[in-house]
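With chain A fixed as given, assemble chain B onto it according to the hints.
Residue numbers (this note's numbering), protein chains in the order written: chain A, 17 to 316; chain B, 17 to 316.
Everything labelled a hint here was simulated from the structure, so no lab data went into it.
If you're wondering where the values come from, they're calculated on a predicted model, not measured in any experiment.
Keep in mind that the hints are not guaranteed to be accurate.
[What the hints assert, rightly or not] Covered by chain A, per the in silico footprint, the following chain B stretches (three or more residues, Cβ under 8 Å):
hint: 1; segment: 52-66
hint: 2; segment: 150-162
hint: 3; segment: 187-196
[To be verified] Derived pair list, reagent style EDC-like, types lysine to aspartate or glutamate, alpha-carbon separation capped at 16 Å:
hint: 4; chain 1: B; residue 1: K231; chain 2: B; residue 2: D276
hint: 5; chain 1: A; residue 1: K144; chain 2: B; residue 2: E127
hint: 6; chain 1: A; residue 1: K99; chain 2: A; residue 2: E30
hint: 7; chain 1: B; residue 1: K144; chain 2: A; residue 2: E127
hint: 8; chain 1: A; residue 1: K231; chain 2: A; residue 2: D276
hint: 9; chain 1: B; residue 1: K99; chain 2: B; residue 2: E74
C-beta atoms are modelled at their ideal positions from N, C-alpha and C, and glycine is treated no differently.
So you can see what is in the structure, the chains are spelled out below.
Number of protein chains: 2
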Amino acid sequence: MSSTRPGPVILIVEPSGGSSRRHNPELAMLYADDLGVTRGDGIFETLLVRDGSARNLERHLERFAASARMLSLPEPNAAQWAKTTAEAVADWVDSGGDEAACVWTYTRGRESTGRPTGWITVKPVSEKVLRQRREGVSVLTTPRGYSITPTLPERGAGGGETPPWLVTGAKTLNYAANMAALRYAAAKGFDDVIFTDDGRVLEGATSTVVTVTGKTLRTPPPGRDLLPGTTQAALFSYAGTHGWTCLEEPVDVTDLLSADSVWLCSSVRLAVRVVRINDRQLPETAAVAGIRELLTAALS
Amino acid sequence: MSSTRPGPVILIVEPSGGSSRRHNPELAMLYADDLGVTRGDGIFETLLVRDGSARNLERHLERFAASARMLSLPEPNAAQWAKTTAEAVADWVDSGGDEAACVWTYTRGRESTGRPTGWITVKPVSEKVLRQRREGVSVLTTPRGYSITPTLPERGAGGGETPPWLVTGAKTLNYAANMAALRYAAAKGFDDVIFTDDGRVLEGATSTVVTVTGKTLRTPPPGRDLLPGTTQAALFSYAGTHGWTCLEEPVDVTDLLSADSVWLCSSVRLAVRVVRINDRQLPETAAVAGIRELLTAALS
Numbered sequence: 017m018s019s020t021r022p023g024p025v026i027l028i029v030e031p032s033g034g035s036s037r038r039h040n041p042e043l044a045m046l047y048a049d050d051l052g053v054t055r056g057d058g059i060f061e062t063l064l065v066r067d068g069s070a071r072n073l074e075r076h077l078e079r080f081a082a083s084a085r086m087l088s089l090p091e092p093n094a095a096q097w098a099k100t101t102a103e104a105v106a107d108w109v110d111s112g113g114d115e116a117a118c119v120w121t122y123t124r125g126r127e128s129t130g131r132p133t134g135w136i137t138v139k140p141v142s143e144k145v146l147r148q149r150r151e152g153v154s155v156l157t158t159p160r161g162y163s164i165t166p167t168l169p170e171r172g173a174g175g176g177e178t179p180p181w182l183v184t185g186a187k188t189l190n191y192a193a194n195m196a197a198l199r200y201a202a203a204k205g206f207d208d209v210i211f212t213d214d215g216r217v218l219e220g221a222t223s224t225v226v227t228v229t230g231k232t233l234r235t236p237p238p239g240r241d242l243l244p245g246t247t248q249a250a251l252f253s254y255a256g257t258h259g260w261t262c263l264e265e266p267v268d269v270t271d272l273l274s275a276d277s278v279w280l281c282s283s284v285r286l287a288v289r290v291v292r293i294n295d296r297q298l299p300e301t302a303a304v305a306g307i308r309e310l311l312t313a314a315l316s
Numbered sequence: 017m018s019s020t021r022p023g024p025v026i027l028i029v030e031p032s033g034g035s036s037r038r039h040n041p042e043l044a045m046l047y048a049d050d051l052g053v054t055r056g057d058g059i060f061e062t063l064l065v066r067d068g069s070a071r072n073l074e075r076h077l078e079r080f081a082a083s084a085r086m087l088s089l090p091e092p093n094a095a096q097w098a099k100t101t102a103e104a105v106a107d108w109v110d111s112g113g114d115e116a117a118c119v120w121t122y123t124r125g126r127e128s129t130g131r132p133t134g135w136i137t138v139k140p141v142s143e144k145v146l147r148q149r150r151e152g153v154s155v156l157t158t159p160r161g162y163s164i165t166p167t168l169p170e171r172g173a174g175g176g177e178t179p180p181w182l183v184t185g186a187k188t189l190n191y192a193a194n195m196a197a198l199r200y201a202a203a204k205g206f207d208d209v210i211f212t213d214d215g216r217v218l219e220g221a222t223s224t225v226v227t228v229t230g231k232t233l234r235t236p237p238p239g240r241d242l243l244p245g246t247t248q249a250a251l252f253s254y255a256g257t258h259g260w261t262c263l264e265e266p267v268d269v270t271d272l273l274s275a276d277s278v279w280l281c282s283s284v285r286l287a288v289r290v291v292r293i294n295d296r297q298l299p300e301t302a303a304v305a306g307i308r309e310l311l312t313a314a315l316s
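Chain A extracted, bound-state conformation:
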């Protein structure tokens, strides 16, 4: 393994199939009329690369396909994305990389061609992520600022469904508000936010909230206005068969403060412990070490 960190590996995924192409990250790649940039009209997934392979692959493939459906993008070819991911990871390992973040991006493509654009990037895990894994994160709770009103169009049939054009539940490229929320938190001296709605816990800016109390894991019910978390799903799947009770049920802000521990789950950070919520420190208890082991086992 080389002593310097390798640069990113980029492989272009041809939407019509065929072989992938390696792209030099120091060269421009996207056209100015790609709807992924001009309208944020695209989706992505971020996977952890560890020990030479992309983790939690099936759940990411499923969510990627679901996101594409919600945006009426042509269905991504799962076998092709999986194969290209393996190639990109192999390139990464060959160039001396170890743990990494692998990002899939898939857009509606150039306005002038109508063909989707797809690519896979493998890049180092940032220093910030490594630090947050070690030290945990301080979190500001804050109302998300909007509520989904699950009404249907006036001309539509039925009722109670989330309007399809909101594309909630799709992991789109539309992260300007999430990024603004993280800047807002940082300006107030926090690492992250947990969004709330009238005291009910929703999710982090880029993560799923999980609480641990005794042998019980809890997360707010995913779906509707919460993006289903692939890391939380892997954790619950493993923990549920190893003696833990795993519940998807409403969590209040007060539940966060009374839990044994609170975690933000996401693909690359994995599970980072919340060490402070607003002005309340959450001390590390003896149980935290055991939970860390569980998380490591579940996610590796």
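Quick look at chain B alone, frame taken from chain A:
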């Protein structure tokens, strides 16, 4: 003027100042790690080019600067953007183009460099826009599906303000939901949507709603969850000094049906008349011709 339509003109705006660079639109331009595409972290403006110049320039510059502030992007240099716009339009005219759409895009830039990315594209007005100007548009009214809850963070001071991280009012690249709404409308046989909230008219997917009744123009009050419309502002400014009463006040869906005429205002389509709302035709009255003249005068 050539008989074939010219291709787009692209000029790169260097964020640190200096001269602009012309970019070949058939070559890739953006890097794979540009936050404009990976997170939709950027803003844009679309201007009409007519008779050799970009129209309504000051209002677009103002909104562009306001959008940048809301996203904590470095303030765009107005003089530089105006100058580069004039250069791009001159290039466009030199290559035989006449009426056009000019798009400014400004992103947080490459993750690996931290320098913003900016560019200006001048391209033909689409056939669809030309047709909608002539024939008007059919519109589906539909609840937007979410409500802004103007609460402040639990630790914040005051109350009643739109949460800053929602970046509502900024014209960001996050248009996936708007595009999905237009696909939804198209699938039901409509050209466009007018979003509503509990019977109150909000805005079009990419336009401001204006009603005309007698000598009175009305538009829903901009701000908070409605993007201030540069075209509607130009229209009201002109009409207000030419014998019209111009009101920013709540408009209900029933007001749309009882108005003399209803218009969707945006930079390149200008004002297109709504010819059908849901299953109701809105007949062209004798007054419509006069309103068209007003709109043309105000926006030229």
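Results of checking the hints against the structure:
With 8 residues having a Cβ less than 8 Å from any Cβ of chain A, the segment 52-66 of chain B passes the three-residue criterion, so the hint holds. Taking a C-beta to C-beta cut-off of 8 Å, the segment 150-162 of chain B contributes 7 residues in contact with chain A, enough for the three needed, and the coverage statement holds. Residue count for the segment 187-196 of chain B with a Cβ under 8 Å from a Cβ of chain A: 9. That meets the three needed, and the coverage hint holds. Annotation: proposed proximity of K231 (chain B) to D276 (chain B) holds, straight-line Cα distance about 10 Å (limit 16 Å).
Of the pairs offered as hints, the one joining K144 (chain A) and E127 (chain B) holds, with about 14 Å between alpha carbons and a cut-off of 16 Å not exceeded. Distance check on the hinted pair: K99 (chain A) and E30 (chain A) sit about 12 Å apart at the alpha-carbon level, within 16 Å; holds. For the given pair, K144 (chain B) sits about 14 Å from E127 (chain A) by alpha-carbon distance, which is consistent with the 16 Å threshold. For the proposed pair K231 (chain A) and D276 (chain A), the alpha carbon gap of about 10 Å is at most 16 Å, so the pair holds.
Our distance criterion of 16 Å between C-alpha atoms is met by K99 (chain B) and E74 (chain B), whose separation comes to about 13 Å.
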